[in-house]
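Take a look at the letters that make up each chain.
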Amino acid sequence: MSKYLVNKFLFCVDRDPELVERYREDPVGTVGWWEQEEANRILACHGDERSTWLAFTDAEREALRTHDYPALFGLGAHPFLTLTLFIAMFERDHAEPLGFQLEYARRLAHYSMPYPDIAT
Amino acid sequence: MAEIVAVVASTHHPFYYRASTATGEDRPPFADEWVRKIEAFRATLTAARPDVLLMVGSDHFHQLWLDNMPQFLVGHAEQYDANWYNEEREFGLPRMHMLGDRDLSGHLLRNGLDMGFDLAFSNELRIDHSVTCPIITLRPQNDLPIVPVYTNIFAPPLPQPKRFVQLGQAIREMVESWPSDKRVAIIGTGHLSLELGGPRQFGPHGPDPEFDRKAVEWIATGDIEKTLAEVTLESLHAPGNATHGFMDFMLMMGVAGEGQKADHVDSLDLFHTMEAYFTWYPNGVPQPAGGAA
Numbered sequence: 001m002s003k004y005l006v007n008k009f010l011f012c013v014d015r016d017p018e019l020v021e022r023y024r025e026d027p028v029g030t031v032g033w034w035e036q037e038e039a040n041r042i043l044a045c046h047g048d049e050r051s052t053w054l055a056f057t058d059a060e061r062e063a064l065r066t067h068d069y070p071a072l073f074g075l076g077a078h079p080f081l082t083l084t085l086f087i088a089m090f091e092r093d094h095a096e097p098l099g100f101q102l103e104y105a106r107r108l109a110h111y112s113m114p115y116p117d118i119a120t
Numbered sequence: 001m002a003e004i005v006a007v008v009a010s011t012h013h014p015f016y017y018r019a020s021t022a023t024g025e026d027r028p029p030f031a032d033e034w035v036r037k038i039e040a041f042r043a044t045l046t047a048a049r050p051d052v053l054l055m056v057g058s059d060h061f062h063q064l065w066l067d068n069m070p071q072f073l074v075g076h077a078e079q080y081d082a083n084w085y086n087e088e089r090e091f092g093l094p095r096m097h098m099l100g101d102r103d104l105s106g107h108l109l110r111n112g113l114d115m116g117f118d119l120a121f122s123n124e125l126r127i128d129h130s131v132t133c134p135i136i137t138l139r140p141q142n143d144l145p146i147v148p149v150y151t152n153i154f155a156p157p158l159p160q161p162k163r164f165v166q167l168g169q170a171i172r173e174m175v176e177s178w179p180s181d182k183r184v185a186i187i188g189t190g191h192l193s194l195e196l197g198g199p200r201q202f203g204p205h206g207p208d209p210e211f212d213r214k215a216v217e218w219i220a221t222g223d224i225e226k227t228l229a230e231v232t233l234e235s236l237h238a239p240g241n242a243t244h245g246f247m248d249f250m251l252m253m254g255v256a257g258e259g260q261k262a263d264h265v266d267s268l269d270l271f272h273t274m275e276a277y278f279t280w281y282p283n284g285v286p287q288p289a290g291g292a293a
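Chains as they are written, first to last, in the working numbering: chain A, 1 to 120; chain B, 1 to 293.
Hints should not be assumed to be uniformly reliable.
[Said to hold, decoys possible] Mimicking SDA-like on lysine to any residue, the simulated pairs with C-alpha atoms at most 20 Å apart in a straight line are:
| # | chain 1 | residue 1 | chain 2 | residue 2 |
| --- | --- | --- | --- | --- |
| 1 | B | K214 | B | D269 |
| 2 | B | K226 | B | Q160 |
| 3 | A | K3 | A | A39 |
| 4 | B | K226 | B | P209 |
| 5 | A | K3 | A | G32 |
| 6 | A | K3 | A | F80 |
| 7 | B | K37 | B | V265 |
| 8 | A | K3 | B | W65 |
| 9 | B | K37 | B | P14 |
| 10 | B | K261 | B | A47 |
| 11 | A | K3 | B | M69 |
| 12 | A | K3 | B | N152 |
| 13 | B | K182 | B | V285 |
| 14 | A | K3 | B | E258 |
| 15 | A | K3 | B | P157 |
| 16 | B | K162 | B | E234 |
| 17 | B | K261 | B | E217 |
| 18 | A | K3 | B | P156 |
| 19 | A | K3 | B | F154 |
| 20 | A | K3 | B | D67 |
| 21 | B | K214 | B | G257 |
| 22 | B | K214 | B | E258 |
| 23 | B | K214 | B | S235 |
| 24 | B | K37 | B | P145 |
| 25 | A | K3 | B | N68 |
| 26 | A | K3 | B | L66 |
| 27 | B | K261 | B | G284 |
| 28 | B | K182 | B | L99 |
| 29 | B | K261 | B | V216 |
| 30 | A | K3 | B | L99 |
No lab work stands behind these hints, which were simulated from the structure alone.
I would like the entire structure built from these sequences, with the hints used as guidance.
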């Protein structure tokens, strides 16, 4: 159970313009680097104070490595974080307004209530 | 004692800034009607002649994060920077800067704690679009000090709806007991039905127009009892996965008071959400100098 870490990844990438581009271009490399170097960094502390135990599950790591946002939704990632980051990466690939947002909704159309729990 | 001159509740659509400033082919077809409604809404705050704005909103995982998440937080800073890189990126929002009112912040913190609300505080709070959008819509000259009050409507576990109403009632009491001659407007923003990051997002209307119709009626009539009877943390998922922001509207109903009818009620059915605007004048509708309202 590491929904918190999935959300931490989405949060950290979304707030950093360079990481947004890096994750778009190289998701496998970015997820690997981030889990190795950044996952246990305590965000409010200097770099030497770190947690020791945070890691993705295999399903989480694979969903992040493949930009699989329907899978992230199913795993209980926070949908606001997921949507915001994926808009930043892929809205540019759609010519029409809201094209990506509507595709996102279509790809999640197989989900109905109750949605996966997003509590961490 | 301070005087509450207006209680204002609205949605905080981050696309308003871009829509209202767009020109030519970039200007969406609904922009002019939206601007007209906002300008009428803005007049309800202007007429009240506030000196300070107490602003209720919710951080969207900008400064507040899951490693240390408060339920209710009061900004206690002299100044506030506002808006974030990803809000510039997604909504075209400008960076902003506001003055604070530390005296009112301190009054809320001390008295809130004494009234049973374990309020968090922040001496360096960078605020986001839940507070800046109502500045853009209601006070674009951005010339008044603010006190931000952030609520958690976003990261479960959330406080119960009743707690939002109670905090609104307490905020009203606390402002009225503030030893100041300032004229205070209390402004809060929330959502009606809304889905973000789920299968029902960005449709031609909000995900649940029937909920929206009922919610506007509850707010406009100040029917706190009925709202609390129909809304629970669990039920709020049904009208859309982001509808828990409706609890910030419930907080503002608490500020306005049970059974208090709003003096200004308006709404606009936009794609993917319904915009809604309410103003109460606790001391009566201000009359323009020398003439009828």
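Cross-check of the supplied hints:
| no. | hint | result |
| --- | --- | --- |
| 1 | B:K214 x B:D269 | 14 Å, holds |
| 2 | B:K226 x B:Q160 | 15 Å, holds |
| 3 | A:K3 x A:A39 | 12 Å, holds |
| 4 | B:K226 x B:P209 | 18 Å, holds |
| 5 | A:K3 x A:G32 | 17 Å, holds |
| 6 | A:K3 x A:F80 | 14 Å, holds |
| 7 | B:K37 x B:V265 | 10 Å, holds |
| 8 | A:K3 x B:W65 | 14 Å, holds |
| 9 | B:K37 x B:P14 | 16 Å, holds |
| 10 | B:K261 x B:A47 | 18 Å, holds |
| 11 | A:K3 x B:M69 | 15 Å, holds |
| 12 | A:K3 x B:N152 | 18 Å, holds |
| 13 | B:K182 x B:V285 | 18 Å, holds |
| 14 | A:K3 x B:E258 | 40 Å, violated |
| 15 | A:K3 x B:P157 | 14 Å, holds |
| 16 | B:K162 x B:E234 | 13 Å, holds |
| 17 | B:K261 x B:E217 | 10 Å, holds |
| 18 | A:K3 x B:P156 | 12 Å, holds |
| 19 | A:K3 x B:F154 | 15 Å, holds |
| 20 | A:K3 x B:D67 | 12 Å, holds |
| 21 | B:K214 x B:G257 | 18 Å, holds |
| 22 | B:K214 x B:E258 | 17 Å, holds |
| 23 | B:K214 x B:S235 | 14 Å, holds |
| 24 | B:K37 x B:P145 | 25 Å, violated |
| 25 | A:K3 x B:N68 | 16 Å, holds |
| 26 | A:K3 x B:L66 | 11 Å, holds |
| 27 | B:K261 x B:G284 | 12 Å, holds |
| 28 | B:K182 x B:L99 | 15 Å, holds |
| 29 | B:K261 x B:V216 | 11 Å, holds |
| 30 | A:K3 x B:L99 | 37 Å, violated |
Hint compliance for this structure: hints 14, 24 and 30 are broken, all remaining hints hold.
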